[in-house]
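The sequence shown: position 71 = 71 (the working numbering), numbered continuously.
Treat the hints with care, as some may be off.
[To be verified] Each pair of labels, with its calculated beta carbon distance range:
#1 GLU39 / LYS306: 24 to 30 Å
#2 HIS172 / ARG284: 38 to 44 Å
#3 SER55 / ASN230: 33 to 39 Å
#4 LEU223 / ASP123: 38 to 44 Å
#5 PHE58 / ASP161: 30 to 36 Å
#6 ILE298 / PRO216: 16 to 22 Å
#7 LYS217 / SER265: 21 to 27 Å
Since the hints were made in silico from the structure, they are not lab data.
Note that the coordinates shown come from a computational prediction; the quantities given were computed from them, not determined experimentally.
Backbone N, C-alpha and C fix where the C-beta goes; we use that ideal spot for every residue, glycine too.
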Amino acid sequence: MKHLAILGLGGVGGYLGGMLARNFANDASISISFICRGEHLKKIQDVGLHVKTPSLDFTVTPDQATDQVASLKAIDFLFCCTKSYDLKNALLSLKSCMHPDSIIIPLLNGVDSYDEIKKIYPDNPVWNACIYIVSRLIAPGQILVSGIEPKLYFGSEKTNDDTVEFFKQWMHDASIPAIYTREILQAMWEKYFFISPVASLTSWLNLTIGEFRIIPKHMATLLQLISELNSVAEKLEIPVDSHIEKIVLDRVSFLPHETTSSMHSDFIKKSKTELESLTGYIVRLAKSHHIPVPTYEIIYKELSLKNNS
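All chains, please: the whole structure from these sequences, using the hints.
Below, the structure is given as structure tokens:
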């Protein structure tokens, strides 16, 4: 039996966990565990996880939903879907459940999680990955997926081909579009080119995507953020599509008016935010390579004050 565990049941983890549990509910060869906490966990334990997508509406109960990691069996595949600020402590808590061949698949918003994971599990295989999805935890036990069809990209140069094929088949069986690529770093950074500028801008302006995209000066700021990010990527020799600006703008224009970033939502709720991973990371990276990123610096400075207030 293979044990697949989903760490963090927010929008991304809830979608993946729900789809996997839905498909493998009666499959004795695969066990699905949800690792989450609070009222969300209690609701899942009581009545299951409800997932609504543009084409599906279902409720599932995993083999196990818990916040007591000592009760978990050895994990074969770990989907890391936490917020970046929770990643370290969450991974440390799972030490007793991990074995040398446990595969870790980070699906966070930033591009720096691989290094963080390797500090804790230096010998475990880590498959870099990213997912394109608009998904929200709208209430305890309830996940709402909207907009584009989700698409998962994953890969590693050291990946065992047989393991990849098994994983791809599981994703296919669970109706999760998954694409293996050896250019996963490019895929991750191209997603980051959307997430980082948009999260930074929506949070700084306190506007949804639909609200800022109709104001020319705000769109000019978005273009400046993309340009500064591109300067950093070029310095690091990160391969990025030559039409990345158009790709980002097309995504911005396509999304529903009320769509915003999860970081903006966290600022509104006065919750912890991923400011360090989505904005501060670029400021620090640029500084270490002597690259000017004045727009990022202004936004980071002002949001840092807001973050600590």
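We went through each hint and held it up to the structure:
Judged by the Cβ atoms, the range 24 to 30 Å given for GLU39 and LYS306 holds: they are separated by roughly 27 Å. In this structure the hint that HIS172 and ARG284 lie 38 to 44 Å apart at CB holds, the actual value being about 39 Å. The supplied range of 33 to 39 Å is met by SER55 and ASN230, whose beta-carbon atoms lie about 35 Å from each other. Distance hint check: the CB atoms of LEU223 and ASP123 are about 43 Å apart, consistent with the given range 38 to 44 Å.
For PHE58 paired with ASP161, a C-beta distance near 33 Å keeps the hint of 30 to 36 Å intact. Checking the proposed 16 to 22 Å range against ILE298 and PRO216 shows it holds: the Cβ atoms sit about 19 Å from each other. Roughly 24 Å separates the CB atoms of LYS217 and SER265, a value that falls within the hinted 21 to 27 Å.
In terms of the numbered hints stated before, the structure departs from none.
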